Structures are given as structure tokens and as C-alpha cells.
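Go by the hints and put chain B onto chain A.
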Amino acid sequence: MSELTVDDVKKVASLARLKLSGDDIARYQKKLENVLSYVHLLDEVDTSDVEPMAHAIEAVNVFRQDEPRDSLDQAQALANAPQTDGKYFLVPAILDEA
Amino acid sequence: MKVTTVVGLEVHVQLHTRTKIFCGCVNRFNPDAPNTQTCPVCLGLPGALPVMNQEAFRLSLVTAMALNCELARFTKWDRKQYYYPDLPKAYQISQYDLPFSHDGWLDVSSEDGETRHIRINRAHLEEDAGKNTHDESGRGGDSQVDLNRCGTPLLEIVSEPDLRSAAEAKAYLEELHLLLTYLGVSDCNMQEGSLRCDANVNLHIEQNNGETIATPIVEIKNLNSFRGVEAAITYEADRQQEEYSKTGRKLGDPGVEKETRGWNAERNVTFAQRGKEEASDYRYFPDPDLMPVTVSDEQLAEVRGSLCEFPAARRDRFEAEYGLSKYDASVVINQGEKFADYFESVAKGCGDGKQAVNWVTQNVLRELNERSVTVADFPIPADVLAALLQRIVNGDLTVKSGREVFDELLSDHDKGMPPSIERISAIIDEKGLAMLADTGELDSLIDATIADHAKAVEDIRNGKLQAAGPIIGKVMKQLKGADPQTVRERIIERIQQNS
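Going down the list, the sequences are from chains A and B. Last residue of the first sequence: number 98 in my numbering, and the count goes up by one each step with no gaps. Last residue of the second sequence: number 499 in my numbering, and the count goes up by one each step with no gaps.
One chain only, chain A, in its complex shape (with noise of 0.2 Å):
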């Protein structure tokens, strides 16, 4: 099993838009690896046999009819948001446009 380093820590950490220090990224090197070696477990299992599958479950075409139904109003979308003027969520400056 391959080696989780500082760099794989790092990177999780940079996509998910985490600030780490020193310490956090021993820590959370420890742990992801612990958990990765847990889900690694699954690998004994001969699956050359098995199809792959998309989904757990056997159920398919789950769809819904295109009628609308009602929205939130505006004061019940951002009810839950940090910072909103009142019509728009508020998000510190996007320096970057992707």
C-alpha cells in the first residue's frame, strides 16, 4: 500500500480550500491514512468475477414530472447564509475567475 504523504495532504487540503499548519498536517496525515488503510481492506476481496455496478441499490428511471412547485422566498434562501445584503449571498472577493 502506497505511502499517504505531506504532498497528498496538502493537495486534499488546497482543493477543499482548507489553511493547514505544520501540526494539522502531521495529524491529518495520520488519520487519512489510517482511514484509507481501513478502506484498503476491501482489496482482498476477489471482485474479478463481479461486474462493476453503478449504484448500490437495483432501483432505475427514478424521475420526476416537470411541474413546478413552489421556491423558498428570498428571505428563506439566505436565512442560513453568514453574510447576504438582503437579495444576494455575500462571499469574500473572487479574486480568480475559473
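If you are wondering where the hints come from, they were derived from the structure by calculation, not from laboratory data. Keep in mind it's a predicted model, so treat the numbers as computed, not measured. Built from N, CA and C at the ideal position, the CB exists for glycine as well. A few of these clues could be false.
[Said to hold, decoys possible] In silico DSS-like links for lysine-lysine, alpha-carbon gap of 27 Å or less:
id	chain 1	residue 1	chain 2	residue 2
1	B	K221	B	K246
2	B	K131	A	K19
3	A	K31	B	K89
[To be verified] Some, not all, of what chain A presents toward chain B, calculated at C-beta under 8 Å:
id	residue
4	L15
5	L42
6	D73
Leaving out everything else, chain B in the frame of chain A:
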């Protein structure tokens, strides 16, 4: 040194459903009332569960079929994960390895009149994100987020890099736009962002030694007009050529990666953006909240049966059936389905496709532009115009008189009187525009006029035929329906007979 521009387009089109793709919020462009079309599902609140909109999936099948795609019998949805304020769940529901359609094509007329067969790699169904508005004062104020658009059904259509110039890329986008509009799957309103596109561009440069090199691939993001697509690719091709001549950097060199650039429409330049996260960084995995979809033969047959005649097929049919030139057929088709329907009714009604196309592409189109209306609101119904043109085709009315009747019908409408077939006859009578069936009246009028123009008659006898002008004018003034050519010939004939 031969340089070829190589382009592939990724087109995003918003599907024209009543509701969003995974929830019952209305799917409507509504920037004036931000965050009024959201619910726990499209806000990504904990515990909310998405359910697929059946109509969004049906419109996707329609589009893929029209693009000659192979349709998958089994398809699923995946989570594409990235962190951005317009995406509250921090993942976009999209399709990764099992898109519902793949391997299609669209034929496009290129500048040289040749048909280009543009392959389509895949079309997949996903959800649109919200809209960010940034503080443009430069003082770094907060960005505003409107999530009304979040969860709008979005079809991504990915072409192969088969396009060979900026103009060809524009032509492809125009043909796609036309097709999607005909199919009615999207309103394709580019100002409102219903149709947006990213362009992958690089150059193939033939070296003196006969080898061809490729420049690094650049993806230009978020182009939202036909002109923008053409201008951005043109700019980018020039920029890449210049960069190559300076650095010699080419595709496949160590350290050369795909670059993402933006398009500044005001300054007409592309500009570097921070490198996008690599594909593997999206950490796709199957979305456990959504069930896969299977498609049956019956379902495909039903969709196939519902398809309209595609614009390309109709263009060919108009050429064959009504004798239109390729150019005229394109003009009619490119005006949209309703306009093509109007033309076809007129052509059928008057029995002369060429006459019909002249009138609809000149007189009708000009009026539509002047009145800023679509053909649906054009005052003269197709059967009335057909009746008018039929008189011209039958030789009962000159083209010039036809125009007078046409203008009169329009001014009738402006005065509140609906144009009708009966009014055509009335106008012809009122204005005395009917072409003369027998020449008796014409001959006596000509004789009377000749008698008043001895000098001109003398000139004509001496071979100065242009001297007939004033006589023609005088006769025409009294007989409005006369055909000037006939009058001219008749005058000369009478004068020469009597000499």
C-alpha cells in the same frame, strides 16, 4: 510554412424545461429577483435529495438524436467536485464515464462552400451553477451570488477538434444554434447565457523539413456570442503563432500543459487564467442520490417519431422542391422555423418558389426588420401574399404593381384594416393596376400619345429608340397596370408600322 488552426468546441446549452433538473423550482432567467427560485435541493441544504426531471432527459435524447449520436441504453450521473461560491453543494452533478450519448456529427457549410463533417465526441446532461457578480470598483468588495440559475438543466455538447478556422467554428456554432432552436429544446438566448461555449485551440505548423508540429492547446472559456467565438479564435491563433516563433514551445514538450485563457470582448484579447484543476482533481464518483437511467427501443422510437424536419434536410428539400439557390435556401432556413414555414406556404400557394423566395427574403424581411417583429406578427398572412404573387405569376399584375399592392396592404394594416385576399382585388381596382388583357385600349392610347410627340416619333424612326422614354412615361401614367416592357415594344411597333 503552412499553418492550420485546429479547434474543438464545448457548447453548453440550457434546456427549455419548466422546472430545474433535480427540483421543482422554475427554470427561468430572472436576474432582477435574485435567489427567489431556490429550494433545499438546489441550495444544497443537508438532507435534500435530487430527483431527475423526465422532460430534461427527453429533450436531451431529442438533441442527441438530431446530432446523429449513439444513445446509451444505460447511463448514470456522477459528482464533479470543486469548491466555488456559485456551487453550494461543492460538487456539480454531471456525467463522467457513461454519458447518455456519444459519437455523433453535424454537417457545416464552410466559407469555401464545401460541407464539413464535424464529429461530436459526446453530449451529456448536467446542472448549471449559480451566477457570481464581482465588485468591479477594484476595491475588493464582496462578490454577490445569485443561485436562481443553480440546477438549470444543461446539455454539454463536445465536438472533436475537426474545425479548421475561426470562421468554421462560428459556422458550426450557428448551425448548432439553428438546430437547437428548430428542435425547441432551448431558447438559445445568448445574451441571457442559454448558449455558451468554450473553444480548444491550437495550431498545426508545417516546418521547412516537411514535419508538422502542434502548438500547446489553449482552452478559451465562456464565449457567449458568435462574433466572440470567431474573434477569440482569430486572436488566439495569431498569439500562438507569435509565441511559437519566439519560444519554439510545442505540444508534448516537457512541462507544457493545457492552458486556460479568458476572453476580453472589450479589448479583443485573450488573457491567461490560473491553471484549472486537473481532471483527476475533480474526484468524480457516481452520485448515490440519483438512480441510473435505462433507455428502451420503444422509448427511442417514440422520440424519433416526435422529431421535426431538421434545418439541413429542409434546406436541401427547399432547393430541390422549390428550385431555390443554395444561398436563398440558407437565408430562408436561417431565419428560423416559423419564417421557413411562411415561405413554404407562400411558395405552395402561388406555385412559384423563386417568386416566393424573392418576396420573402426582400420585401417581407425588410418589413420585419423595419417593424422589429418576427414573422409570427407580420401583418400579411401567407395565404394573402400567395394570392398576390399568384397574380404576378399568372401575368395579371406586374412586379412593380405587386409592390404597390403589398405596401397598400401594410398601410391598411397600420390603419387597423386586416390585409385579406379580397382587399388585393379592391386595391388593384382602386389604383387601376390590372394588366390589360387585350391591346385595344393600349393601342388607342399609344396612337393618341404618339400624335402629341412628333419629334420623338421622328427620332425613333431614325433609330434613336431611347426617345421613346417620354411616350412610355405618358402611357404608363394613364394605364397603371401596364407592363413597361410591353408598352415600350408596342410603341416602337406602332411607330414603325405607321412609317
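Verification of the supplied hints:
Taking the CA atoms of K221/B and K246/B, the gap is about 25 Å. The hint holds against a cut of 27 Å. Using a Cα cut-off of 27 Å, the hinted pair K131/B and K19/A holds, with the two alpha carbons roughly 26 Å apart. Proposed proximity of K31/A and K89/B is supported: the alpha carbons are some 25 Å apart, at most 27 Å. Below 8 Å, beta-carbon pairs count as interface contacts, and L15/A has one with chain B at about 6 Å; its hint therefore holds.
For the restraint placing L42/A at the interface with chain B, the shortest Cβ-Cβ distance is roughly 15 Å, beyond the 8 Å limit, so the hint is violated. For D73/A, the shortest C-beta to C-beta distance to chain B is roughly 7 Å, which falls under 8 Å, so the interface hint holds.
Hint violations for this structure: number 5 only, all remaining hints satisfied.
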